[in-house]
Each structure stands twice: as C-alpha cells, then as structure tokens.
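What follows is the residue order along each chain.
Protein chains: 6
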Amino acid sequence: MHYPLGTVKRNIVRADKAVTDQLGQYGVATVHEAMGRLGLMHTVMRPIYTGARVSGTAVTVLLHPGDNWMMHVVAEFVQPGDIVVAAITAPCTDGYFGDLLATSFMARGVRALVIDAGVRDVADLTQMRFPVWSRAISAKGTIKATLGSVNVPVVCAGAAVNPGDVIVADDDGVVVVPAAIAHEVAEAAAEREANEGDKRRRLAAGELGLDMYKMREGLEKAGLKYID
Amino acid sequence: MHYPLGTVKRNIVRADKAVTDQLGQYGVATVHEAMGRLGLMHTVMRPIYTGARVSGTAVTVLLHPGDNWMMHVVAEFVQPGDIVVAAITAPCTDGYFGDLLATSFMARGVRALVIDAGVRDVADLTQMRFPVWSRAISAKGTIKATLGSVNVPVVCAGAAVNPGDVIVADDDGVVVVPAAIAHEVAEAAAEREANEGDKRRRLAAGELGLDMYKMREGLEKAGLKYID
Amino acid sequence: MHYPLGTVKRNIVRADKAVTDQLGQYGVATVHEAMGRLGLMHTVMRPIYTGARVSGTAVTVLLHPGDNWMMHVVAEFVQPGDIVVAAITAPCTDGYFGDLLATSFMARGVRALVIDAGVRDVADLTQMRFPVWSRAISAKGTIKATLGSVNVPVVCAGAAVNPGDVIVADDDGVVVVPAAIAHEVAEAAAEREANEGDKRRRLAAGELGLDMYKMREGLEKAGLKYID
Amino acid sequence: MHYPLGTVKRNIVRADKAVTDQLGQYGVATVHEAMGRLGLMHTVMRPIYTGARVSGTAVTVLLHPGDNWMMHVVAEFVQPGDIVVAAITAPCTDGYFGDLLATSFMARGVRALVIDAGVRDVADLTQMRFPVWSRAISAKGTIKATLGSVNVPVVCAGAAVNPGDVIVADDDGVVVVPAAIAHEVAEAAAEREANEGDKRRRLAAGELGLDMYKMREGLEKAGLKYID
Amino acid sequence: MHYPLGTVKRNIVRADKAVTDQLGQYGVATVHEAMGRLGLMHTVMRPIYTGARVSGTAVTVLLHPGDNWMMHVVAEFVQPGDIVVAAITAPCTDGYFGDLLATSFMARGVRALVIDAGVRDVADLTQMRFPVWSRAISAKGTIKATLGSVNVPVVCAGAAVNPGDVIVADDDGVVVVPAAIAHEVAEAAAEREANEGDKRRRLAAGELGLDMYKMREGLEKAGLKYID
Amino acid sequence: MHYPLGTVKRNIVRADKAVTDQLGQYGVATVHEAMGRLGLMHTVMRPIYTGARVSGTAVTVLLHPGDNWMMHVVAEFVQPGDIVVAAITAPCTDGYFGDLLATSFMARGVRALVIDAGVRDVADLTQMRFPVWSRAISAKGTIKATLGSVNVPVVCAGAAVNPGDVIVADDDGVVVVPAAIAHEVAEAAAEREANEGDKRRRLAAGELGLDMYKMREGLEKAGLKYID
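As they're listed, the protein sequences go chains A, B, C, D, E and F.
Letter 63 of the first sequence, counting from 1, is numbered 554 in this note's numbering, and no numbers are missing.
Letter 99 of the second sequence, counting from 1, is numbered 590 in this note's numbering, and no numbers are missing.
Letter 122 of the third sequence, counting from 1, is numbered 613 in this note's numbering, and no numbers are missing.
Letter 10 of the fourth sequence, counting from 1, is numbered 501 in this note's numbering, and no numbers are missing.
Letter 220 of the fifth sequence, counting from 1, is numbered 711 in this note's numbering, and no numbers are missing.
Letter 69 of the sixth sequence, counting from 1, is numbered 560 in this note's numbering, and no numbers are missing.
Think of the hints as simulated: they come from the structure by calculation, not from any bench.
Treat the hints with caution; some may be incorrect.
It does not matter which identical chain is used: a pair holds within one copy or between any two.
Claimed, not checked - Once the Cα atoms are required to be at most 27 Å apart in a straight line, the calculated DSS-like pairs of lysine-lysine come out as:
| id | residue 1 | residue 2 |
| --- | --- | --- |
| 1 | Lys-508 | Lys-690 |
| 2 | Lys-690 | Lys-705 |
| 3 | Lys-508 | Lys-705 |
| 4 | Lys-716 | Lys-635 |
| 5 | Lys-635 | Lys-508 |
| 6 | Lys-500 | Lys-712 |
| 7 | Lys-508 | Lys-712 |
No experiment lies behind these values; they were computed from the predicted model shown.
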C-alpha cells in the first residue's frame, strides 16, 4: 500500500507485548540470527551511549530533510512500550530530536528512538537514560514546514519497518522483527541462547571450535592445505 | 583581507570574557539556535571523550597537511581562556597534537583544541582532561617543514572562524560565534534557556508538543490527513 | 612468497616475547615514531572500548567477505601472547567475531583481535575485557563456506602484516612492527620515552616548544612574518 | 508478508507495460516529483556510463554479501521489459555481475540492472549498451554458496522495491514507482512536463523565476531584507 | 561582518573582468599554485561533465538543507560573467538545481554553478553545456520555505568565498581567488605558465626532473640511501 | 625485509615482459579470478578517463602525505613497460602528479600511474592519453621536504605490491600479480578466456546459466523453495 506524504495512520496492530519484551532479552545479534539474518539496519546506526539494550513496538515517522514537524505529530500516537522509528526522505544529519522531545516521549512511555539522521542534547539524553540510535550527532535544529507521515511503512537505515514491528537495539545495532513472525523468532532465539551456555563452557575449557562444530572434515573436503 | 601562508598576527581582539563564559553555559545546541543556525562545524568533529563542555576565544592556526610546525608558533600567542582552532589546507587525518603539546597549552591556560585533522595520545589527553574536538584519532606524527599562519581567518570543518570569535563545544559538536554578535547571541540564548524549563515541565506532565506549540491548525492547513 | 587461498602455515617465528611486551608499554604513537613512521593501520580501526593497551605477536588470518570459517582454523595455531590479525579479501563490515570466539581465544591466551571488518556482542566483549580493534560493529553473522588462509602475509587496514610481527594497539590505533626490527624499535622507543619526561616538565612550567626545540631560527629562515 | 531467505516467487503482477514505458520518457527527476518525492534510491547509485534512460518492471533478487548465486536463479523469471533490482543483505562492493550475465539478461529482454553492490566488465557492458546503476565497480568475483530470494520485497539503496513496481533510471539516479500508482504518477508527470515548455521559454527570455512563480510576496512575508 | 539568514546584498564589487577571464586560461592547478596554495574547494566537488574550464565572478547564495528558494532570489542579482556559488547551512545532497534554473541562469549570462549539494537534470545540463561543479547528483527536489541569504560571505566545500571573488573551475576542481589579489595571482600564474613550456620540452626529451630541478644535492643532504 | 624511509633500491627483478603484456589482454576481472581472487586494489581507485587497459611491471614509490619529492627520484629508475605504483604513508588526497611529471614518465616509457592519492591536470593527462588510476583528483600541489622510498614493498589501496610485480588496470580497477606466479596466472587467465566464448554464445541464445552451469541440483539441496 502506498501512502502519500501527509498521512497519519492512527491505529496500528502492535506485536505482542510479551514477545516484544522477550526479544529484548536476547539482544540484536541473537535475534538477527534467529530470524534468518534479515532486518538489520546499517552499521552506521550507533547508540549515543553504550550499554543500553531495549525492545519495543515500532511507531514510524517519515520526515523531510531538515524538518521535524512530524516528530510532534507522532507523539500523539505512541503508547508505553513503543520505539519511535524515524526515517528521512533524503540523507540528512540534522539534529531532529533533543531533550524536550525526549521528555515528551518518556512521559508517554516511549522506550527509545531510532533515527536515520542526527540528534542533539546528547549529554542530557544520556543523563536522562533515554536511548537513541542514530546516524549522526548534530546541534543543527530543524524547521517545521513540510508534512511527512506517521505509521506508514518506512525504510530506516536500509531496513524496511512496518508500524507494529518489533525493534531490538543494543550496542551491536538495531534489528527489525516483523510482527507476524515475532513469536517464531523469539522461539528460535531462545533455542540459540539455550545452546550457547554449553558451547561457552566447552570453549572456555580450551576445546577448539573446529572440534566442537566438527569442521575438520568440511575443511579437508574444501581442500585446505596445511604447510610447515 | 587575504594573508599568504607564513603570516603570524600577534594581536587580536578577543570577544568579551564574561560573554564568552556565559555562552559556554548554554551549550552548542542552544547557542546555535540563538545565533540563527549559523556557524556550526561539520558533524564529523567529535570530542575525544564525552562529557566536556567548554567555551573560549578562538586563536587560529592554519597548517599544512602532515605538518604541525605552526602548533608551536601559536603556543606563543595564546592567553588563558583561549581555544585553539586548527585548520588544514587540505584533508588530512594525521595526529598533529599529543600530550606534550597539551601540557604546553594547559600551562598557558588554553581551554581546548578544535582541529580539522587528527590527534594522538588520547588516553593521556583524557586523563589530563584536556578536551579536544577532532575529525580523527591517529598515531601518525607530523613533520615541521612548511609555514602556515597564526591568527588569520580560517575555515575549520566547514565553519569560518576569525581570531577572537567565541567557540562553544560540547558533546553535540562545535559552534562559532563571531565576536561582534557574542553579546546579542548570549542574550538570545539566555531567553531560549529561560523558556525551556516551563516547556520541559509541561511535556513531562504529558502535554503534547502539538498543543503546547499550537501546531494543529498549521498541520491541518498544510493538508495533514488522519486515517484509521 | 605467494600463498593461494586455502593455505594454513602451522609454524611461524614469533618476535621475542620480552621485546613484544616492552613495546606494549610505549603505546602506539611512540612505537610508530620509533620505527620511522611506518606500519600504522588506517584510522578507521577503532577499539570497541577505550582504555585498553596491548601488544602481542601476530597470528594472521585471511577471510572471505561474510565468511568466518577460518576464525575457527586460526584458533588451533595461536599461543599465549598472540594477537589475531584478520584481513578480508574485499571490503566487508559483517560481524565475524563474538563472545563465543572470544571465549575460545581467551582460553588459549590470545590477547586481542585486530580485524579489518566488523565484530558483534561488543557489550559482552567489553565485560570480558577482551579488546578488539575493528572497522565496524555489526550484528550480521557470517557463513562458513569458503577457504581463506592462516599465517600468510596479509594487508590489514592498509598495513602489511607478517605472521610473528609485533602488534601494538591502544586508543590511538594499531601499529605493526616487523619481527626483524622489533628490538631496534623498542630501543628507539625507550629513548624517545626517556626524553619525554624532561620535555613535559619544561612545557608544564610554561616554556615554549619554540624555544625548547630551538625552532625560531628555522622559522625565520623559512620566511615567517609577524604582523600586528 | 515476510519471506525467509531461499524463497523464489515465480509469478508476480507487473505494472502495465504502456505506463511503464511512458514513465521512462519523463526521466527520474520528473517522475520523482510526480509521485510526491518518495521512492528515490540513494545518490550513491550511479550509472556505469552516462546518457542511458530506461524504465521497466522490477524483478527483485536478494543476495548474500559476496555471493551471486541467485543472479542465475532470477534469470529464469525475467520477461522482456523487466529491470532486475538486486539488494544485498549487508553492505558489499563485490562485482556480482559481468558481461556473461549481461549477455544472458539481454537475451531474455532485460532492460537494465540496478544493484546495491558492485559490477565488473564495465567496458564490455558499456560497449554492449547494457545499462547498470550500481554502488561500485569492482573486479572482485562472487561465490555461489548461500541462498537468497527472488521476487520478494527488498530494500535497494534505501528504497523499498516490490516485484512488479516500475523502475525509472537515468543520469539523475533511480526511482521506484509502486505498480498500484504507476498510472496516476504517469499522469502527474505528463502534466508537469506539459508545463515545463512554457516555463522554459519564459526563463530563456530572461523572465525571473521570482516573477514567474510569484514569489516576491512570500519572500517579503518571510522577512527577506535587501541591503546595499 | 555577520549577516543573519534572510539578507540579500544587492550591490557587490566584482573582481576585474579582464583579470577574471585571464585566470580562467590558466586552470585550477596553476591558479592554486600561484596564490600560494590557498582557496581550493574540497575534492568532493566534481564537474557533471568533463572538459569544461570556466572562470567568473562569485555571486553567493546561502541555502537551507532541502530548500532552494534563494536560488530564485539570486537570479535577480547576477550579471553576465558571474558564477553562482551555493553553500548550504548543513550537509545535504538534494537536487537544488535543474534545467529550468539553468535556462534562467544562462539567459542572464551566468557562466557556471558551484554548489555544495546536489543537482539534477544532468543529461539536459550537459546538452545545454551549462557547467556545474557539485557534491552530488540527485533527482530529489527541494522546497521553498526558509530564507537564506544572497551575496554574504559563505563557506562552500571548505573554501571561504566572498561575493565578487574570482572562481576558477575545471576538471581538477574549483579554486577561489579573493578579488583583492586577483591581479597579483594572475601575474604569478602567467609566470608559472611561461616556465612550463620549457620544462615540458626538456622532460619530453628525457631529461630527469632530478637534474632539471637540481634536486640531487638536497636529497643527499636529507640522507637518501641508494642500495642495489 | 624492512626498509626505512629514505631507501632507493636501484635494481629490481621485473616479471617477464611477454607475460606482462599477455596479462594486459585479459583485463582485471579475468586476471583477478585467475590468480585466486587475491591482489585487487580497493574500488576507490578509479581511472581518470574510461577505456584504458594497461599492464606493466611495478616500480614502487612510497611518499609522505603532501610531498611528491620521491616522484622525481623514481623517474630515474623506470624502464619502458613499467607502471609506477605510488603509496602514501597516511591518507592523503593531494595532487602528487600532473602533466609535467606525466611528460617525463611518458618520455621514459612508463605506461601508467597507479596512486593511492590525488592527481591533477587531468584534462591534459586525458589528452596525452597517459592513464592514471587514483583515489582522488585534486589541484592541490605537494612539497618536496621529506624522504620516502623507491622500489621497496608497499601497500597501495589495500594491496601489497612488490617491485617487479605485474600490474593490470582497466575500467574495473587495478590488480597486482606477483612476478613469481605471473606465468601461471596468465595460463589460468587464458584458459578462462577460452571458455568464455562458448558460454557467451549459449547465453546469448537464451540458455539459462542455471542449466549451463548445472546449478539446479545444488540449489535444491540447499533448500531453495519455489512458490507461486
């Protein structure tokens, strides 16, 4: 479905809250593996401070370069547990978001912002512990002149995001899990996680991955040559 | 006025010290807004450690790629409260500045370095709490073979800087305030700051920016469509 | 000597351990100076957490884009005190390395990883204090399908690395010291370091570098003009 | 709808051929305007030779970094008038496509390739007049080891592409028109084009855009100040 | 002098026309040398087609990201022989300029556009032989909502430009010559050019630069070692 | 072997001339495949004009950022059929090379320049048909103050180059073939080339690569799913 700029979709179907929260426990790398290595945002998206790990349901906003008008519009449609995902219609590093908007978002239960542009007041945001993943940090403010959209499908940092999808973000980046497969991905992630403890113990004891994963035969077949 | 490379201007008129210090309290984002959104350096300029906020009067130095000779020349003309602003005549990421120069600069009261190139010894600089905003971190040293200039107008990371201008730098970046308008900008910044407390309280209480800023009518006029 | 992809060299001659450790004390900037300003990796190589300084003997691994199969092969040939240096045959930011491989590497005495690509699980790696210098952070996993090589000469982030070379890495970046000149470089570094204490004291007392380094005559000869 | 990697959708609904061809006449800039400034790929996408302008219906292929296996799979499902749109699951500049694949594609009526990665044999492709828009040119070949997908929704260079959408590409870049609005966009583009001839004549005669577009009042209201 | 956004300076003093034209004959590399290696724009500025060489007097325009309103304002103040130099207040790659504006500029005698952003309709501009140097090519259009300035000092692609300065642009890039030193630079350029013919002949005859420039002694003094 | 900066190796062993010339016929993509996908320079290396294809024996030069002194030194040691490969000790885009040096190089039989930095006078170089592959085009000149080296092993644009190696360059980029395996690589390239004619004919006739390369079974085993 195609939405022209200037469209606000009021009602969206959010991924299940329990599953959303569960996905947050596994972290981005595990979730990305669990969903078949799709949905990762570009590595240019970095947290403004390290150590945060969050998950939430995506509320999307599409903005014009240098214009954050729709940031105020989206604030009306967020619910506790949401993560706002902001995409821009052309590359831009301006600072669309600062401590005032963060105050508003936090007051309404938003867990994080993921934005394919810049943010500012990062010292304040860090102190407030409002996590943001962004392409840039910039003190440059924005105008309020051109309409964008809210809760339409967007592309953010190379990943397609639909409203209601699960967003997981941590120091490794940001991954998008479509709402329809969130449950299935959570199960696959749980399974991966379950296996890791044993592997970690064996590797910590000095066992080689080569042996643990039984790779020697495959390497030999592929023609690996050992020389002295 | 055009100055050939190899010119050192001994005497410059610095912005008023009280105003310079006052501007530092507001931070880069507020100051940048207050001066009409001009004077911001490119977002590639990042602090070597987070949490520093400084202001000071610009002493400028223009250097050749890979050559930091003039860094030693500029040290003779700094005064307590200055920030050294270093521009390079072509793109370069070499490490022009390390703990020895920082020791010298600190001994002479310099508050920070802003350099459109690289610096090194950043672990030492961090421990010394000498703040630097730079384009790169590089262990690559520089030679001393070609003359540059001191206290001439320069372009640093995309911003024009005149000697004596006010520099404000924090985690959001670096902004340049021309000395002639420093007072006026400080007043505008103070006014912005004064308004923010009230706004922050209202937003924290859950009021929407849409209502607080009275944006609904404008959005409607612009044709914003709400759908379900 | 040219090695086709798919070659593992079991035995390498490592730089002397005492000299390797000694070089680590001086840090990257000093070592880079001491070896005549060669061997520095590109500044895009950044530590995943600040404050680490390590040195070690290089064990090299050459990998295919998006394929970390050889990471498991190299683990069999590391010794305590080694640093694994990973090069890729084409630009890639995928996450080749995470907490499981780090557990394995640490169990076998590896001191650090230097990789011209991405890594993941950086929150875990930080907590484990396993230092990594990389071009990117990415949750994107890798496959195990194509052979690379172990302990062949590689180019990592623009620097030529031979197995057994000394790697020094800290917040300033990564430098490679060929094993054959490690002793000589360590001596030169020690000498540089010895001189720095005195210089630091004099600069801290306010002496100008201009005078300490006796630069005034050279500047005058070069034609530096002072104006008012 | 979410498709796991390893899915080939055989049948897709293509945009109307007449409308697709019509859109190609207007060029990327006009079409992008006509559809409300959405759907443009990132400016990093450049033609391998200048002067080509094409439109066609998108057949999509999603590939693994460094792996062009699916390029051969997609060739079975193209029809005359199609443009192959290739997305990669992580950033990669490898050369996925050369003169042999181009020969195959041309034989099957494919009009162009749009790929968010690299291509090679560009001298041959230029001579064959097979137009390609790509992020890079690279002689680096790819392997055939990991499954991707064909005719699933993809994100290519920041733009969402669904199979059957209209792709328009020329020296200005690449734009995607959703099949569902192709007709409407073509009409809007035709209208824009119709107006341009008259504007061009007036501007060529020296009339100012200020007057032709009646901008003076708006500028005055906005507060524009003229000084001498 | 500081000008707030929203200022149009009607009257400027242009560099002498004869000198401006003369500088164009020497090309960017020679002029840049002749003025002491200052004033070069960043190498990211590339011509939209090769083979053009122009010079002209700078008329400056400062624009908001994504907003080309002032392009229409500047058109009123250009004179035959001018080059429009467009700077943006924050990084932006949008297409500010296309064939209609080019038609208008050509009708008024403008010789070229130099813009630190994107342009579009480049196939048309190439056919019209209207030369543009830009940072990007982008079909993305711009809005008309925010005031910028005309004929104020700007920083364009890292170079300071004052209205009336001489701009020289060719396949090597773009250089700015301050009006006050244009004559002196032209003389120095002429002198350089005069010397080059003889040098070229001697080098073409196989004479070494080493001998022609008498470099052997300097190299020996610097300690160059020849080995076999 | 480690060489300090300031070393000129007079005598090198060049790859066989016939083999060098033969490799040039195959082009970069074929040669890169034939040598097992190693030795390719970074894709940032682009020709200053399209359509050139050359091969030659590498004469290497290592230069300081912003300093082309050694370009004149290397000119004494080139022979007809050589390609000069220039590496820089730190990232730099300055214009190290222009029409005068090109005149000198051409007079001495040099076939091309490959430089990990910038060049200038590209309109002249194009007219002279002296091909250059470079990272940048820049009018910025260089000084002559610091020694580099000639005919030492270098890393150029990510590829290790030893003096005497074969360089092949065309519109697809630049590849390095170690002299010791040049003959073997030429044979492998010839074999690849021989096979391509038949493949091209079959693909041009509409045969699918899927069938020609017998990929269907492999894809099925890997689990490819066709849906409607």
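- Query: Between the shortest in-copy and the shortest cross-copy C-alpha distance, which are at most 27 Å for Lys-716 and Lys-635: within, between, both, or neither?
  - Reply: Intra 63 Å, inter 17 Å, cutoff 27 Å: inter-copy only.
- Item | 27 Å Cα threshold - placement of Lys-690 relative to Lys-508 | neither (30 Å within a copy, 31 Å between copies)
- Is it within a copy, between copies, both, or neither that the alpha carbon of Lys-690 lies no farther than 27 Å from that of Lys-705? within (13 Å within a copy, 38 Å between copies)
- Intra- versus inter-copy proximity for Lys-705 and Lys-508 (alpha-carbon distance at most 27 Å): neither (39 Å within a copy, 33 Å between copies)
- Can you give me the call for Lys-500 and Lys-712, within, between, both or neither, at a CA distance of at most 27 Å? This pair counts as between: shortest inter-copy Cα distance 18 Å, intra-copy 55 Å.
- Query: Which holds for Lys-508 with Lys-712 at a C-alpha limit of 27 Å: within a copy, between copies, both or neither?
  - Reply: neither (47 Å within a copy, 36 Å between copies)
- Query: Is it within a copy, between copies, both, or neither that the alpha carbon of Lys-635 lies no farther than 27 Å from that of Lys-508?
  - Reply: Answer is neither; intra-copy 33 Å and inter-copy 35 Å both fail.
Checked against the numbered hints given earlier, this structure breaks hints 1, 3, 5 and 7; the rest are met.
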